[in-house]
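Chemist: Those sequence lines, one after another, are chains A and B. Residue numbers for the first sequence follow this note's numbering, beginning at 295 and rising by one. Residue numbers for the second sequence follow this note's numbering, beginning at 26 and rising by one.
A portion of the hints provided could be inaccurate.
What the hints assert, rightly or not - Stretches of chain B that chain A covers, calculated by requiring three or more beta carbons in the stretch to come under 8 Å of a beta carbon on chain A: (1) 61 to 71; (2) 80 to 87; (3) 410 to 419; (4) 484 to 498.
Please keep in mind that the hints were generated in silico from the structure rather than gathered at the bench. Each residue gets a CB set at the ideal place from its N, CA and C atoms; glycine is no exception.
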Amino acid sequence: MIANHILSIAIWSPIFFGILLLLLNKKLSTRKINYLALFGALVSFIVTIPIYKNFNTTLSTFQFQEFHHWITPFNINYHLGVDGFSVPLILLTSFMTIMVILISYQSQRFKSASYYSAFLIMSGLMIGVFCALDSILYYIFWEAMLIPMFLIIGIWGGPNRIYATIKFFLYTVLGSLLMLLAFLYLYFKSGTFSIIDYYYLPISLEAQILIFLAFFMAFAVKIPMWPLHTWLPDAHVQAPTGGSVILAAIMLKLGGYSFIRFAMPIAPDATLLLKPLMILLSLVAIVYIALVALIQKDMKKLIAYSSISHMGFVTLGLFLISPLAVEGAYIQMISHGFISAALFICVGILYDQTHTREIKNYGGVINKMPLFTAFVVFFAMANAGLPGTSGFVGEFMVILGSMKENFWIAFVAATTLILGASYSLWLIKRVFYGDIGNAAVAKLSDINAREAMILGALASLIIFVGVYPKIISDITNSSVLQFIELVSFSKVGVL
Amino acid sequence: MSNLISQLTLLSPEIFVALMAMLILLLDLFIQDKNKHLIYGLSQLTLLVAGLLTVSLGFSEPQFAFKDMFIFDSLALFLKMMSFITLSIVFIYSRNYLLNKKLLTGEYFSLSLFALLGVMLMISSKNLLLMYMGLELLSLSLYALIALNRDDKKSNEAAIKYFVLGALASGLLLYGMSMLYGFSGSLDLYTIGNVIQTQEINSELLVFGLVFIIVGIAFKLGAVPFQMWVPDVYEGSITPVTMMISTVPKFAAVAMLIRFLFQGLDYLIVDWQQMLLIMAVLSMIIGNITAIAQKKIKRMLAYSTISHIGFILLGFYVGTIGGVQASIFYLTTYIMMTLAVFGLIILLSNTQKPIEFIDDLKGLSQTKPWEAFLMMIVMFSLAGIPPTIGFYAKFSVLQVVIDQEVIWPALVAIIMALIGMYYYLRIIRLMYFEKSDKKLKTKTSLPMLSVLTINAGGLLVLGIFPKTLMSISALAVGGSL
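Make the full structure from the sequences, and use the hints.
Modeler: The structure is reproduced here in structure tokens:
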């Protein structure tokens, strides 16, 4: 009985706890709210573990499927299921929610119950996106997820939060609405909203191109791909630490995941046709955005740009359409989830004490926070792609994959190893080393046990995936092969 | 004799509402000021009994009365029941406001019931004359309702403006009707349709007549380019009247559109499709873009209404049963959202200073968290963001448009929906992201708040389970087209 609803439980338990927190808002003390939120996040994480445990890695089909009729006039169904691409991201989502709630203990803010509940509800909705096999169900999760994020940035964000959150919302919605049109067109062609049916639906090349572009608008904004990335630095800088963490660790991944799930297999011929353009956009993101990151004066902005640059590897790997590169892109998504989250948490820890993110206001932090600095240096090295960390594995596989395609793609992509190291290490040098910059830095105190635990957990995961990437590739392997098969299969020939 | 009785039975709700409206007007003279809530109770009772009478007529094949002037079909049943429920909610929301403003008099209720009678007649008319009579009854009651607050200059201005433009629109409609009569020799819509079809009259003069009919409909709907009265009337009337005008007459206008274009002149579909498309697209563009510039909340909602009307017309433009179903579903959700938003404005208005400017909502989440939360749901629903019912309304209209393999109106619609989100989000932004500079002191009436909670919460619940409402509106249309 329960085994059949394993995905529903994963989606709805964080949402349940989120609503519970909202309802108990006024009745509980802050301390109890903190514990309840953490308890909710832990339960939500524990219920996702069986998905990983019972997942059959030899199958490429969707598992744990759940099917209920929902809106019968339009043949919309509550249809859930996961394949190798969904499972690691589901676990990442529920795990990151715990981190976010733990890190938010420190910065006492007003309406903390609503704050936690927004994160819990969002976590459920994001898991819903990863599980949905009905495109309208997917769309509803995808859009509904914006509401908590919109409120998180708008209510608890920095001074320029209103501009940032509205820009974030409208940018994302523009893409989503075009995606909705694509779904409606596919429904008109096939009479169903089922994603699996779309994979085998013959579509003419012209229609495929339009569908691909509509999907591209939705997902490229989310990832974000150059030149649709401008909302991200604003949103990151203004968002509270927790918001930045979820944004970087999970929300950006939704774009990559959706390319795998929708755009590429549904419009394979358009994908092959537009492949050079997509590779070009990815390379621009990798190199140009890395250069932009180099000159940033704000720490959070720097990490935000570095995120865009790293996500360029994801799109590059996906559009190379070879098993190695796709696998690499996927590992890069997971790894970037850990590394960028860790970096944003580190900036948040500094910001909570000094209330500034300007690089020039720091210097010599290592004298006051040695343990913290050790962690930051490690994360920065992982961000630069140090071998032995997860950051290396994904990038290396993508570069290898691109070498097979064309030497120059690999060459341009590999420059990021230099650029990434430059901006990461230069940041470290300016902020952490040298003499103590000013009085604010002199008053800093090192991280406490809770923070050390969070950073330690993330650091060990980064090393673990870096040393043993098989843990992810085992799950995704058969799905990657299936994906390559779908994308290589011409739908125009069937017509 | 038995024939007469069965015909009268078919009209029993109309007869009952007419009698009660007159009775309330009469009783008002004898009831002392402190007992005026009796009139409120009586009006609600009228709506309840009228609803029961309508339901007792049952859901069956279309029935006709009085030489086929009057039609009662599933569409009429649905629209009339919706009108009763809507007006009843309008009364609930208005009560305290009227009490505070010392406007809780028989006129408001009696005029509203007369307007309702006009709406009911229009919904059920198959004959040009009956349609026109219903329209005039509705319009005359509305003119008086707008001027209800007779010491207010704005109210008077709005009433005069609406009267002049309304009279013009009625005149144009009558002119169009006379042309139809000239061509077909009949006032009956079905006969007109048959004559045009069998004799294959498709002269330009007939299309000329059609234009005037559509002008009349568009005026009542408030579609561009006949939208000029909407913002002024919304702003000038007291909020209960605004709420009434923006909801109940829309049922009549939509019924008029369906009866004329789908049941009468469906042979001219190629001609009216283009007109509806132009009006739909223009309404969405002008409504949404102009709404951004508004500072007063009621003017903003007026333009937002225009843009929603554009969406409703887009569904009708498609010209299929599916299109009408989508539009009726959109209309139903639009009415729910409008009731909720005006209900909230009334709830938050106090006697000294009503909510007038959008900025008055600043920081509402701190002073009145629950009301702010409800307002947020309504705004997300108006913007069409899932999981609210507003999303499915837009979804179903877009779906029928795409089914015609015409992409560009759908593209315009989504771009305009995106622009629309900006000003709906602005309200959420003010309520949640900004601090209030003054305390909002209002007494909350608990019964009203609970009805509002059901109303606004319903937008969310129906957004998760939209199937029933979709099926009902589909059934209403399917049974009569």
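Chemist: Okay, the region 484 to 498 of chain B and chain A, do three or more residues pass the C-beta test at under 8 Å?
Modeler: holds (count 4)
Chemist: Given that the region 61 to 71 of chain B was listed as covered by chain A, double-check it with a C-beta distance under 8 Å for 3 or more residues.
Modeler: violated (count 0)
Chemist: According to a criterion of three or more residues whose C-beta lies within less than 8 Å of a C-beta of chain A, is the region 80 to 87 of chain B covered?
Modeler: violated (count 0)
Chemist: Establish whether the coverage given for the region 410 to 419 of chain B by chain A is satisfied; the threshold is a Cβ-Cβ distance below 8 Å, and no fewer than three residues must meet it.
Modeler: It holds: at least three residues are needed, and the region 410 to 419 of chain B offers 5 whose Cβ sits within less than 8 Å of chain A.
Figure legend: structure checked against the earlier numbered hints; hints not met, in rising order: 1, 2.
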